[in-house]
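2 protein chains.
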Amino acid sequence: MNTRPENIVAALSSVLGEGPVALHEPRFDGNEKRYLSNCVDSTFVSSVGAYVDRFETDLARFTGAKHVVATVNGTSALHIALLLVGVQPGDEVLVPALSFVATANAVRYCNATPHFLDSEKSTLGIDPAAMATWLAETCTMDSGKCVNRTTGNRIAAVVPMHTFGHPCDIAGVLAVAADYGLPVVEDAAESLGSLVGSQHTGTFGLLGILSFNGNKIVTTGGGGAILTNDSDLARRAKHLTTTAKVPHGWEYVHDEVGYNYRMPNINAALGCAQLEELESFIASKRHLYQKYREALSQIDGIRILSEPSGTRSNYWLQTLLLDADKTDLRAEILEVLNNNGFMSRPAWNLLPSLKPFQGCPSAPLPVAKSLERRIINIPSSSGLSEFKSSDDYAQ
Amino acid sequence: MNTRPENIVAALSSVLGEGPVALHEPRFDGNEKRYLSNCVDSTFVSSVGAYVDRFETDLARFTGAKHVVATVNGTSALHIALLLVGVQPGDEVLVPALSFVATANAVRYCNATPHFLDSEKSTLGIDPAAMATWLAETCTMDSGKCVNRTTGNRIAAVVPMHTFGHPCDIAGVLAVAADYGLPVVEDAAESLGSLVGSQHTGTFGLLGILSFNGNKIVTTGGGGAILTNDSDLARRAKHLTTTAKVPHGWEYVHDEVGYNYRMPNINAALGCAQLEELESFIASKRHLYQKYREALSQIDGIRILSEPSGTRSNYWLQTLLLDADKTDLRAEILEVLNNNGFMSRPAWNLLPSLKPFQGCPSAPLPVAKSLERRIINIPSSSGLSEFKSSDDYAQ
Numbered sequence: 001m002n003t004r005p006e007n008i009v010a011a012l013s014s015v016l017g018e019g020p021v022a023l024h025e026p027r028f029d030g031n032e033k034r035y036l037s038n039c040v041d042s043t044f045v046s047s048v049g050a051y052v053d054r055f056e057t058d059l060a061r062f063t064g065a066k067h068v069v070a071t072v073n074g075t076s077a078l079h080i081a082l083l084l085v086g087v088q089p090g091d092e093v094l095v096p097a098l099s100f101v102a103t104a105n106a107v108r109y110c111n112a113t114p115h116f117l118d119s120e121k122s123t124l125g126i127d128p129a130a131m132a133t134w135l136a137e138t139c140t141m142d143s144g145k146c147v148n149r150t151t152g153n154r155i156a157a158v159v160p161m162h163t164f165g166h167p168c169d170i171a172g173v174l175a176v177a178a179d180y181g182l183p184v185v186e187d188a189a190e191s192l193g194s195l196v197g198s199q200h201t202g203t204f205g206l207l208g209i210l211s212f213n214g215n216k217i218v219t220t221g222g223g224g225a226i227l228t229n230d231s232d233l234a235r236r237a238k239h240l241t242t243t244a245k246v247p248h249g250w251e252y253v254h255d256e257v258g259y260n261y262r263m264p265n266i267n268a269a270l271g272c273a274q275l276e277e278l279e280s281f282i283a284s285k286r287h288l289y290q291k292y293r294e295a296l297s298q299i300d301g302i303r304i305l306s307e308p309s310g311t312r313s314n315y316w317l318q319t320l321l322l323d324a325d326k327t328d329l330r331a332e333i334l335e336v337l338n339n340n341g342f343m344s345r346p347a348w349n350l351l352p353s354l355k356p357f358q359g360c361p362s363a364p365l366p367v368a369k370s371l372e373r374r375i376i377n378i379p380s381s382s383g384l385s386e387f388k389s390s391d392d393y394a395q
Numbered sequence: 001m002n003t004r005p006e007n008i009v010a011a012l013s014s015v016l017g018e019g020p021v022a023l024h025e026p027r028f029d030g031n032e033k034r035y036l037s038n039c040v041d042s043t044f045v046s047s048v049g050a051y052v053d054r055f056e057t058d059l060a061r062f063t064g065a066k067h068v069v070a071t072v073n074g075t076s077a078l079h080i081a082l083l084l085v086g087v088q089p090g091d092e093v094l095v096p097a098l099s100f101v102a103t104a105n106a107v108r109y110c111n112a113t114p115h116f117l118d119s120e121k122s123t124l125g126i127d128p129a130a131m132a133t134w135l136a137e138t139c140t141m142d143s144g145k146c147v148n149r150t151t152g153n154r155i156a157a158v159v160p161m162h163t164f165g166h167p168c169d170i171a172g173v174l175a176v177a178a179d180y181g182l183p184v185v186e187d188a189a190e191s192l193g194s195l196v197g198s199q200h201t202g203t204f205g206l207l208g209i210l211s212f213n214g215n216k217i218v219t220t221g222g223g224g225a226i227l228t229n230d231s232d233l234a235r236r237a238k239h240l241t242t243t244a245k246v247p248h249g250w251e252y253v254h255d256e257v258g259y260n261y262r263m264p265n266i267n268a269a270l271g272c273a274q275l276e277e278l279e280s281f282i283a284s285k286r287h288l289y290q291k292y293r294e295a296l297s298q299i300d301g302i303r304i305l306s307e308p309s310g311t312r313s314n315y316w317l318q319t320l321l322l323d324a325d326k327t328d329l330r331a332e333i334l335e336v337l338n339n340n341g342f343m344s345r346p347a348w349n350l351l352p353s354l355k356p357f358q359g360c361p362s363a364p365l366p367v368a369k370s371l372e373r374r375i376i377n378i379p380s381s382s383g384l385s386e387f388k389s390s391d392d393y394a395q
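For the record, the sequence lines run as chains A and B.
For the first sequence, position 69 (counting from the first letter as 1) is numbered 69 according to the working numbering, and the numbering increases by one without interruption.
For the second sequence, position 124 (counting from the first letter as 1) is numbered 124 according to the working numbering, and the numbering increases by one without interruption.
If you're looking for bench data, these hints aren't it; they were derived computationally from the structure.
Certain hints may be false.
What the hints assert, rightly or not - Covered by chain A, per the in silico footprint, the following chain B stretches (three or more residues, Cβ under 8 angstroms):
1. 69 to 76
2. 205 to 216
3. 244 to 254
4. 264 to 276
5. 336 to 345
6. 353 to 366
Note that the Cβ used here is the ideal one computed from N, Cα and C, for glycine as well.
The whole structure should be built from the sequences, with the hints applied where relevant.
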């Protein structure tokens with residue numbers, strides 16, 4: 001079948017039934033209400049409480065990170081992580097051009113400048129080979145620092161992001177980063193539950209961050225977390241995400257500027273219940289991918305993105321990729337899918353094209369520019385794969 | 001009776017009964033669990049939802065502000081309010097030396113410098129007369145800008161704070177600010193329900209902010225709000241507290257750096273229930289003040305702080321003030337009160353004494369320095385005044 005929007009609508013209908021179907025909805029089938037109620041009964045709804053402690057412990061167990069610090073959202077987690085690896089005003093931070101705006105905003109909060117890198121076709125994430133070439137061409141090592149020869153600024157860190165839940169080539173990025181002495185902060189906002197080999201995304205860098213926004217695989221309303229295996233960095237993360245108060249029974253001494261980014265206990269209560277369901281959400285999303293793949297297999301010119309080899313993806317957002325010669329169909333496909341109630345969206349506009357980041361340093365972006373025009377995210381909520389369950393279980 | 005700690009303990013016991021009694025606990029007697037449950041059922045727990053809209057509308061009605069924008073906490077609200085009045089990197093912002101650290105931290109987030117002002121004895125807030133004298137001595141008007149002659153920096157705003165819920169002399173501060181062309185951002189984090197005449201604190205300045213932290217008169221877990229009567233500023237506040245996304249069905253265009261500070265719907269659900277109880281909380285706290293005043297009236301050298309004349313205070317934190325010649329008793333009184341289970345605390349250490357603000361510009365602080373050594377906050381939760389209810393209702 002050809003790449004007509006009607007054929008894609010028919011394929012989605014065969015998986016999802018009739019619309020409207022949201023792009024991504026949270027699912028609350030577990031202990032959410034019970035834990036919220038317990039939290040209110042405890043009166044500890046704010047920045048300290050048993051659910052925050054448990055949420056951090058549960059996340060540490062799930063991800064394998066030694067330390068977890070829960071925050072109000074993924075953006076704030078990334079802000080603190082960048083400060084902790086030493087990003088200073090005037091520095092540059094390498095980030096993928098193809099990412100959500102928060103990745104670059106967090107760099108700006110440090111009064112630093114995002115410096116954009118190209119993507120790899122197979123992962124959508126930073127291409128380590130292109131990164132190595134670009135750094136070799138434009139940067140120099142000066143007394144152990146990586147310096148952008150054009151701007152004269154220090155390059156202070158690199159932030160690989162695991163796009164739509166698919167792990168990037170983190171080993172490749174770590175190797176290039178090591179060559180230039182760059183600390184790695186992993187933006188795992190979208191990839192809770194995604195593994196490289198058997199290791200969780202977000203635990204390869206010196207620090208990693210997660211997001212629990214309402215559109216993520218599990219949600220705390222708003223929320224994020226900082227992951228690290230370094231106990232000093234974890235202690236600093238907790239200090240900076242509070243008001244940097246020095247412990248005392250009643251005196252008010254704050255020894256640095258803190259950011260008041262702590263996740264409230266009431267949000268963590270929701271999170272604890274959600275984490276209990278995470279493995280079933282991942283299984284559901286992986287199953288949905290299989291069903292989409294089958295349904296779309298007869299359509300030319302478009303395919304669904306699969307997890308990179310050697311990884312397990314959480315398939316947070318299911319991703320269609322048009323062939324390069326079908327790019328001009330994207331707007332029409334989006335229009336028809338949305339008009340038929342299958343809520344769909346393109347990839348983010350590339351970050352260097354946005355007003356606040358125009359003029360920031362950027363590597364050539366041939367792959368990211370191509371991907372930007374070819375991506376369509378389709379309904380991805382956990383639970384969608386259970387439609388037509390009689391068929392499913394007969395297979 | 002003399003100012004011995006034992007006498008103060010006896011006075012507090014006569015009001016509170018036996019300890020332990022917390023300094024301030026939230027109270028959840030209303031629709032909190034029901035609204036949280038409804039919020040989960042709606043699946044809208046994150047940055048948009050009916051409870052956020054309602055919380056903003058309810059707050060607007062309660063405070064009389066034309067526009068309210070709910071945020072993750074009071075610190076974030078103050079950060080955005082300062083950006084909106086035009087605070088730029090390198091500017092100075094006038095803040096009270098006697099305040100919680102967040103007031104000065106928010107100035108730092110703008111890459112500006114806090115410039116500290118002295119307090120007024122009767123309100124604890126900024127002393128307009130001392131402010132006027134200090135500005136006349138140290139600042140000059142240059143092309144419509146107020147410039148610190150010593151540092152050469154522009155003074156960009158003034159942030160009066162309503163300490164422990166007691167309104168400062170906001171009319172006086174507004175008048176001096178007008179003389180120097182300074183926008184006023186009111187830090188009403190502690191004063192929800194406190195009025196000057198019949199007008200709510202936080203609505204006198206160009207912008208004002210509230211806090212709903214767990215220790216405040218009502219709580220959303222973590223939360224804050226920006227108040228303004230200016231519809232353009234309100235629109236900008238909403239834009240900056242999100243990701244500054246330009247409205248579109250599915251495209252991702254962000255036209256400036258946003259801060260991801262929006263209050264989640266799940267927190268607003270808690271807040272809507274709390275607001276329904278606010279007037280009863282205020283009544284309870286005002287009643288507690290009366291009981292404390294009576295119980296402490298026989299003790300020399302110490303008094304409980306009363307609302308400034310012409311105002312209604314929410315009496316958020318009940319405040320004992322030692323006479324100047326009794327200052328050296330404060331540490332012992334705090335020790336004995338806490339040891340007897342009546343959780344008590346001193347005022348904050350003055351902000352210019354904290355490491356991150358040492359060396360920042362400061363007016364002379366004779367009153368703030370004196371107050372800092374003489375303040376003791378005592379248990380203040382709503383509901384404490386209902387102890388010994390048989391006596392109460394017989395009066």
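Coverage criterion applied to the stretch 205 to 216 of chain B (partner chain A; beta-carbon cut 8 angstroms; 3 residues): Holds, because 3 residues of the stretch 205 to 216 of chain B bring their Cβ atoms closer than 8 angstroms to Cβ atoms of chain A.
Cut-off 8 angstroms, C-beta pairs, minimum 3 residues; does the coverage of the stretch 69 to 76 of chain B by chain A stand? holds (count 4)
How does the stretch 336 to 345 of chain B fare against chain A when you require at least three residues with a CB closer than 8 angstroms, holds or violated? holds (count 3)
Has the stretch 244 to 254 of chain B got at least three residues whose CB is nearer than 8 angstroms to a CB belonging to chain A? holds (count 8)
Are there three or more residues in the stretch 353 to 366 of chain B whose C-beta lies within less than 8 angstroms of some C-beta in chain A? holds (count 3)
Are there at least three residues in the stretch 264 to 276 of chain B whose beta carbon sits under 8 angstroms from a beta carbon of chain A? holds (count 5)
Consistency with the previously given hints is maintained throughout, with no hint failing.
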